[in-house]
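2 protein chains.
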Amino acid sequence: MRIPVPLRHAYRLLNHGPTTLITTAHAGRRNVMAAAWVMPLDFNPPRFVAVIAADTFTRELLEASGQCAVMLPTTEQLDLTLAVGSCSGRDTDKFAAWNLTVDPGTQSEAPLLHGCAAWLECSLCREPELQQRYDLCVLDCHHAWVDDRLWADGCWRFPAAGPRTIHHSKGGLFHPTGDARQAGRPVGGA
Amino acid sequence: MRIPVPLRHAYRLLNHGPTTLITTAHAGRRNVMAAAWVMPLDFNPPRFVAVIAADTFTRELLEASGQCAVMLPTTEQLDLTLAVGSCSGRDTDKFAAWNLTVDPGTQSEAPLLHGCAAWLECSLCREPELQQRYDLCVLDCHHAWVDDRLWADGCWRFPAAGPRTIHHSKGGLFHPTGDARQAGRPVGGA
Numbered sequence: 311m312r313i314p315v316p317l318r319h320a321y322r323l324l325n326h327g328p329t330t331l332i333t334t335a336h337a338g339r340r341n342v343m344a345a346a347w348v349m350p351l352d353f354n355p356p357r358f359v360a361v362i363a364a365d366t367f368t369r370e371l372l373e374a375s376g377q378c379a380v381m382l383p384t385t386e387q388l389d390l391t392l393a394v395g396s397c398s399g400r401d402t403d404k405f406a407a408w409n410l411t412v413d414p415g416t417q418s419e420a421p422l423l424h425g426c427a428a429w430l431e432c433s434l435c436r437e438p439e440l441q442q443r444y445d446l447c448v449l450d451c452h453h454a455w456v457d458d459r460l461w462a463d464g465c466w467r468f469p470a471a472g473p474r475t476i477h478h479s480k481g482g483l484f485h486p487t488g489d490a491r492q493a494g495r496p497v498g499g500a
Numbered sequence: 311m312r313i314p315v316p317l318r319h320a321y322r323l324l325n326h327g328p329t330t331l332i333t334t335a336h337a338g339r340r341n342v343m344a345a346a347w348v349m350p351l352d353f354n355p356p357r358f359v360a361v362i363a364a365d366t367f368t369r370e371l372l373e374a375s376g377q378c379a380v381m382l383p384t385t386e387q388l389d390l391t392l393a394v395g396s397c398s399g400r401d402t403d404k405f406a407a408w409n410l411t412v413d414p415g416t417q418s419e420a421p422l423l424h425g426c427a428a429w430l431e432c433s434l435c436r437e438p439e440l441q442q443r444y445d446l447c448v449l450d451c452h453h454a455w456v457d458d459r460l461w462a463d464g465c466w467r468f469p470a471a472g473p474r475t476i477h478h479s480k481g482g483l484f485h486p487t488g489d490a491r492q493a494g495r496p497v498g499g500a
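Chains as they are written, first to last, in the numbering used here: chain S, 311 to 500; chain L, 311 to 500.
One or more hints might be untrue.
As the list makes no split between identical chains, a pair holds if one copy fits it or if it spans any two.
Computed cross-link-like contacts, SDA-like style, restricted to lysine to any residue with a CA-CA straight-line distance of at most 25 Å [as the list claims (entries may be wrong)]:
1) Lys-480 <-> Ala-345
2) Lys-480 <-> Trp-461
3) Lys-480 <-> Thr-385
4) Lys-480 <-> Val-361
5) Lys-480 <-> Phe-367
6) Lys-480 <-> Gln-492
7) Lys-480 <-> Asp-450
8) Lys-480 <-> Ala-490
9) Lys-480 <-> Pro-355
10) Lys-480 <-> Pro-350
11) Lys-480 <-> Arg-459
Note that these hints are calculated values from the structure, not bench results.
Please model the entire structure based on the sequences and the hints provided.
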């Protein structure tokens, strides 16, 4: 079940460096792409930064609408993640092509994909020079949700069996997120 | 054993979103800090972007020297990673405090820590506005190495037993990188 995450904890959804899916919509057209280069930029209010190439349809819709949704696909969506990262939404309605089920966005038309581990609704903090020079898009997060089966006490908790977030290596090779281990608190040295 | 990685593959060392350690040195002083918000920015030549807070000693040494080394700590370095991320190098010689063994850097004085999974020697691509406004530091990578036990055919390959790269969740809770899974190539839809 999709449950809200307090905004002060939203950075934790991306802190471990998972691969994402990004949806956008504008003037009756919509798209979804895969993006591995996304990370937190600030804690509270939560802000993220994503590399989105200038020639992508996602970038066009993001700049036109000023909105997007960032989702975390799971081990059950490996093929989908590779597929939507391997073609352009200019040529293909990816939602129809892969029969994707979505909920409408709450703050924009960018849809929320079913089956993901987390959902972040964001608006583009316009930085034309940063976008043009480095393809870096600064995203302010306004709503965050997580799959309640994967979250406990304000952090990820992945059951032994079941979906996990994924990390892209190269060419469709993904690493699921491993089981959490707590480091020992520093007791000396300093 | 530390073996070189071709620069065109260097982005793959960070593509899966692991936590890093960053070393810096200038005028006889040196430091090491933990940084989870580091990601690739471009493929070839490889370029990374890291969030390094303005008030850190690392930022001071990075801006003074224009150089740093980015390393990937492993599951065998959880306590160390938490520890060096929990105090300032202004107060503590962390290398002495935690008895760290290092190799000298090849292009700068920033030392290369023993026991890591990968090493990236970088220079700061100075972007004063980006640094001041967002704490974003653009890093050009000039040399890359990986632990040869963890790398095969140009990507990560973690044996069942043995060290793995790690992903920070919060407060010293880390997730090791899981075993790789290949997604199926898209065969329809598009």
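Legend entry - Violations among the numbered hints, reported as their numbers in ascending order: Violated: none.
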